[in-house]
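Top line first, the protein sequences correspond to chains Z and V.
Numbers given in our numbering equal positions in the first sequence, counted from 1, plus 50.
Numbers given in our numbering equal positions in the second sequence, counted from 1, plus 332.
For the record, the hints were derived by calculation from the structure and aren't laboratory data.
Don't take each hint at face value.
Simulated crosslink set (EDC-like; lysine to aspartate or glutamate; CA at most 16 angstroms straight-line) [unchecked claim]:
(1) Z:Lys561 x Z:Glu486
(2) V:Lys411 x Z:Asp535
(3) V:Lys711 x V:Asp739
(4) Z:Lys273 x Z:Glu316
(5) Z:Lys490 x V:Glu504
(6) Z:Lys516 x Z:Glu486
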Amino acid sequence: MKYFRSHILIETDEASVQQGAREVMNALKQELAKHNLDQEVNVLETGSLGFFERGVCIAVYPDDVIYGNVKVEDVSSLVSEHFLKGRPLTHLVIERSEKKNIPLGYDKRIVLENSGNIDPEEINDYLGVGGYLAWEKALLEMKPEDIVQTVKDSGLRGRGGAGFPAGIKWSFTSPIKGVQKYVVINADEGEPGTFKDRLIMEGDPHKLLEGTMIASLAVGATKAYIYIRGEYKLCINRLQRAIDQAYEYGLLGKNILESGFDLDIEIETGAGAYICGEETALIESMEGNRGIPRTKPPYPGVKGFMQNPTVVNNVETIANVPAIINKGADWYRNIGTAESPGTKVYTILGDVAVPGLCEVPMGTTLRTIINTYGGGMKKGSRFKSALVGGAAGIFLGDNMLDVKMDFHNLAEYKAVLGSGAILVINDSVNIVDMLESVIKFFRHESCGKCVPCRNGNEQLYKSVRKIKAGYAGEDELDKMLLIADTMQKTSFCALGQSLLLPVKSALDMFKDDFLSYINKKKAINK
Amino acid sequence: MNIVINGTVCYASPGETVLSAAKNNDIYIPSLCYHNKTGPLGRCRVCMVYVEGMNGLQSSCNLPVREGMIITTDTNEVKAHQRLVVDLLLSSGKHDCLSCEQNGNCELQDVAYYLEIERPSFNLSPPSIDIDETSEMVFVDRSKCIQCGRCIEGCNNTVVNEVITFAQRGFETKIEFDNNIEMGKSTCVQCGECVQLCPVGALIDKNAISKGRPWELEKVTTICPYCGVGCQLELHINRKINKIIRITGVEKAPANNGMLCIKGRYGFDFVGNKDRLTTPLIRNSEGKFENSTWDEAITFVAKKFKNIITEHGNEAIAGLASAKVTNEDNYAFQKLIRREIGNNNVDHCARLCHSSTVAGLAASFGSGAMTNDIKDINKAGVILVTGSDTTAAHPVISARIKKAVRDGKSKVIVIDPKEIALADYAEIYAAQRPGSDVAVINCLMQLIIKNGWEDKDYIQSRTENFEDLKKEVMKDKYSPENVETLSGVPAAKLHKIAELFAKAKTGSVFYSMGITQHTTGTDNVKSIANLQMLCGNLGKPGGGVNPLRGQSNVQGACDMGCLPNVYPAYQKVTDPKSKSKFENFWSKSLSDKIGLTITEITDSIIKGTIKGLYIMGENPFISDPDQYHTIESLEKTEFLVVQDIFMTETAELADVVLPASTYAEKTGHFTNTERRVQRLNPALKAPGQAKDDWEIIQLIANKMGSDWNYQTIRDITTEINAVAPSYAGITWDRVGKEGLQWPCPTVDHPGTPYLHKDQFTRGLGLFHAIEFKEPAELPNDEYPLIMTTGRVLEQFHTGTMSRKSQGLNNIAKPMVMISVVDAEKMSISNSEKVKVITRRGEIETNAFVTKRIQQGVIYIPFHYAEAPANRLTINAVDPTAKIPEYKVCAAKISKIIS
Ligand SMILES: Cc1cc2nc3c(=O)[nH]c(=O)nc-3n(C[C@H](O)[C@H](O)[C@H](O)COP(=O)(O)O)c2cc1C
Ligand code: SF4
Ligand code: SF4
Ligand code: SF4
Ligand code: SF4
Ligand code: FES
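The shape of chain Z in the complex, shown without the other chains (with noise of 0.2 angstroms):
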């Protein structure tokens, strides 16, 4: 193997590629060659560093430096400083102070622990780190049963909204016998302000793939897919060159290691519409029909793709199980909550000074995550709420700051941690003009099966719209939470019944910002 001096990690996830990754990695190793240093530095592809609204960022190991805002222009004097005078170039240099443990602590990251670290298209990075050590151990070591016991013992929760716990799903499929079964990673990935998934693949694709091996071992799945939206093209070429050298590994196919299974994995893409990402609207959109939610029971566990059994997880969800396999339930359960062991991926956006991505322990507080994470509120702003789990969220006010969040303690407010997206919104902004845009996207999104969703998520865009213009009595209120509430009790899927949680989240802590716009064009008509 070859010796480097140095290693240079450029992230080209999607956003950063559209903003000039690949022409900045062009330019840094036609650089490098210039000066004879090709053969000591080695430049890498990797996923996403964890920063947003940061342009180009690369990371220089073992130096732990990270530059943001690298442009083509910046290449000739960043490799000038940093590589023949050995100085960092410091207007480009992200503070560590602005971003501490970037995303987290290494020593506590699962599913994100070799992102930003290893280049995610060779197979042999990941091998270099450990990978494929869990497949291993469960194929020739464990018995299905064994696989869905441990991770019934870790407690692992889907990470895909609903928290449901990963073990029980896969119990319900493994036994089942005599028919072909499926396991389907979903990685729609539709909630608005939500990356995490797009970074885990991009940055880790083998840790996907070894999570989604062990799954179908478990639940004797002989061919997985992978439904990821058509947008996401990076993620689907890395997946694609992750599949096919695992294919020459003798990693995927027929016969695997010698140990008698078979396993295939595919990648289906999907049209992109937020309810594709609703199990049953994916397993009907991979069917080649609309994308429209079936009826449950029975569940896919049971009936799902073809009709045959069918398990579906998040990618998160199933990133981790490869750690929980090498190291166990007992060391998983360590982290995280009683309720909720493990970490969980939030995206952080909105009013805070780094929006980004982080990886934290089940259980850490908003207030944690706002201000070790997301670097504290921008400059000058102060926090009134944050929007947590989605637009299916929930309004959070500073009285709430301080709630240990999990599935369990979210749950006492009757929410979710959803897709763990975190919008953080600062005290000049009215709540009703988050609610309308909650609404809108809602009202936009519904599928149209059902007449509580179609009709309703209309209706309330109308009552919203109609307060903002000042046309609303207080009644318009009640009528609104109504609404909601029958949504919330009689609309086919998930997604018309979230309405109610941000409707009334709103309409508790923040009545007097509803009340502003009535009052307000109360006082002017006077």
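Following the hints, position chain V with the ligands against chain Z.
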């Protein structure tokens, strides 16, 4: 099991849903999208109930009952949610009931009423007009649509026409035809299933608009007068004006399960047509028809018949019965001919459609009817359709076949000269040259035997004469390569068909006139029987040999003995035992001489041996082959009596015309293609003095001096029970809603869904060695094309009924189908007027250039008097069954130079 609904203990059956359990216990749960045919769709969310121990509310339409379940449907809270959902629904679209056709029949009104919603609380969309009236039969008002999805489910999953889908999303969701085109331009076949399923006024029968409110209409159940499927209809009639306003299919009826085709649902205009015959007519000395009284007319007919008998003997009169009238009418008719006239010269149009089936299957199995039933179509692993454009001629059976494919239960093989619509659903489609059927089937059997795929046990235990068959079919001339040359079906395809069909656990064959109407018709039928015995496919559910009967009661007319060689229930006139049975019963001596067939009657009139002809409800002018020959014969008939509902082309030539009633005006029974006897019920008063056929026949008989004494039609039914063993148990009181399938020998027999269960009617099934023979007239240089004939979906037979519906006429006009290749060769463009010429005559019609017909073949529907296909057809007949070869003759096409 027991469940509790609203505090009351209710019985529920396992597997049932809460909604249906409630319904069975007379507890109303409002619902909109559920229909028992389309199943739970879960879309409307009105059927929500509270179940103890479950979170929130549950939709009851898809919630299975559990022992001890405690359900609440009517608390204020539950109703408040139901109400808000319906309120939201009513707040969108344009639900102005006052002008809505569905007012009083609308399920949205019903739920709003139950939930006490006075008017919508919201205003979700400005009232916009979204109307599509391009379809001939269906009126679409999208502003009334509640997106329940029933029409879509019905169009795609019950009738399987796959036209409607939902388009767009969310609040914009709407129904769409094909790829968002107007309904009238879409591939919709206007079966009306969607209209029947629509709970609101979004899909409406166009011709029923403003013709009466639902509560003004009375509903009468009866049987479709068109094809042999035997769909049960509900006539919605307005008594005040004595008119049918609309027709719906009877849900759960055994043959059609609520489905209908365009003819059955919309082709009823003829009943109330102003041209109906209303008085008896007698041709006067100047050759003009004059109105007469019944007494005059009957006296005249009786006298004439008696005179002919006196002068020329009792063999000089013949009768043509009808496949469109009831069993009772037909029974009376043949009794008149046999008993009062004294010969067996009675036949009817079955001669022209399935006489070869009766002959062929009687020889092979001992009885000649469709062996299996309609509802079990999907029990066949492979369905072979040949010589039948099922989708056009038997639409509801086609729907069932398509559904079997869609549900993954069956695979379909189509062998037909025309690429029929079912070919789109077929695993394999093969186009054979018309008339090459025996060669194709023999070849399939050769391949099956060569590969050892035949059912050896079955052949051993249930059949005889296998060695003869084997000797014939193993001949080299039936090798796939040789048959490829003969029939045009590639050898490789023959292999594939043989394998797929023979390896199916159960295979069925469906065929129709493409098999029977050949000079080798009987041979063709026997070959199909051979194939099915070879594969052991007879005597089990889903299998069988299934000739599809073309007319509503052609099966019944045959069963009633309207054939020259048999009494009712196929008892042979030449069998002394049968003869004496009828002589005793009718107390009259009868003739043991086999009578004349239709084609022989025509010839005998020309020869001068037949002087008198009594035609009931048939129109040989259009339906019989070689029209000029037929006309010559009709004109030559010394005394022609025609009994019909219209002044048909044939009636125009009659001496006496007697006005009869239609299916909507009478009772009695039809026997459908699957041998199911079903009841007609009178809905309307017949116009003027028109009478039921049996009444007219009885009047003639008695005027001729006989002693008939049927008080009501029931008396005839009872007589049929007494003389026809297979009908013995099918008494008036037993027929009921489901009907009964013969054989039904006793009053406690449940009827017979499929024949030949443990043994064949004749004991062992008989294999026949059948040699391939070419059709009578082959193309040559002068007449280079093969002409074949058939039906289209929207028309029926000679058009006496269907052509009275303007809507049907607008859709289906005369035409000749011609292949793209031939059309290009002759530079004929689509819709161009052309001349079709055969050795017998010529017609002018429009070219329909299509890929669905093979090169060298042209296809002409035979319904049209203005372009009569049967002016062109040949009257060469099958030697056994005497069926004419409608399906092959040599023809040429020429352009009309103007
Ligand atoms: C409207 C809607 C959208 C959803 N979108 C996603 C998604 O994008 N990704 C995902 O993993 N799960 C999504 N889900 C949840 C899935 O239905 C399913 O619960 C999940 O994939 C199961 O995986 P898990 O148990 O690993 O969380 C969605 C659910 C709903 C109702
Ligand atoms: S709740 Fe909304 S997204 Fe879900 S099925 Fe109903 S209309 Fe479709
Ligand atoms: S009329 Fe029949 S074919 Fe036409 S759209 Fe309705 S169900 Fe479909
Ligand atoms: S047209 Fe009628 S049946 Fe079809 S979706 Fe609309 S309301 Fe339902
Ligand atoms: S014509 Fe045939 S298929 Fe159509 S409605 Fe009548 S019986 Fe049924
Ligand atoms: S009837 Fe149950 S959802 Fe419509």
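Inset, instruction - Starting from Lys711 of chain V, check that the Cα of Asp739 of chain V is at most 16 angstroms away, please. - result: Given pair Lys711 of chain V, Asp739 of chain V holds - Cα atoms ~11 angstroms apart, limit 16 angstroms.
Inset, instruction - Below or equal to 16 angstroms on CA atoms is what counts here, so check Lys561 of chain Z against Glu486 of chain Z. - result: Distance of about 14 angstroms is within 16 angstroms: holds.
Legend entry - Proposed proximity, Glu316 of chain Z with Lys273 of chain Z (alpha carbon, max 16 angstroms): holds (8 angstroms)
Inset, instruction - Verify the proposed pairing of Lys516 of chain Z with Glu486 of chain Z, using a straight-line Cα cut of 16 angstroms. - result: holds (11 angstroms)
Legend entry - Hint consistency between Lys490 of chain Z and Glu504 of chain V [alpha-carbon to alpha-carbon, up to 16 angstroms]: Within the cut-off at roughly 14 angstroms; holds.
Inset, instruction - Starting from Lys411 of chain V, check that the Cα of Asp535 of chain Z is at most 16 angstroms away, please. - result: holds (14 angstroms)
Checked against the numbered hints given earlier, the structure satisfies every one of them.
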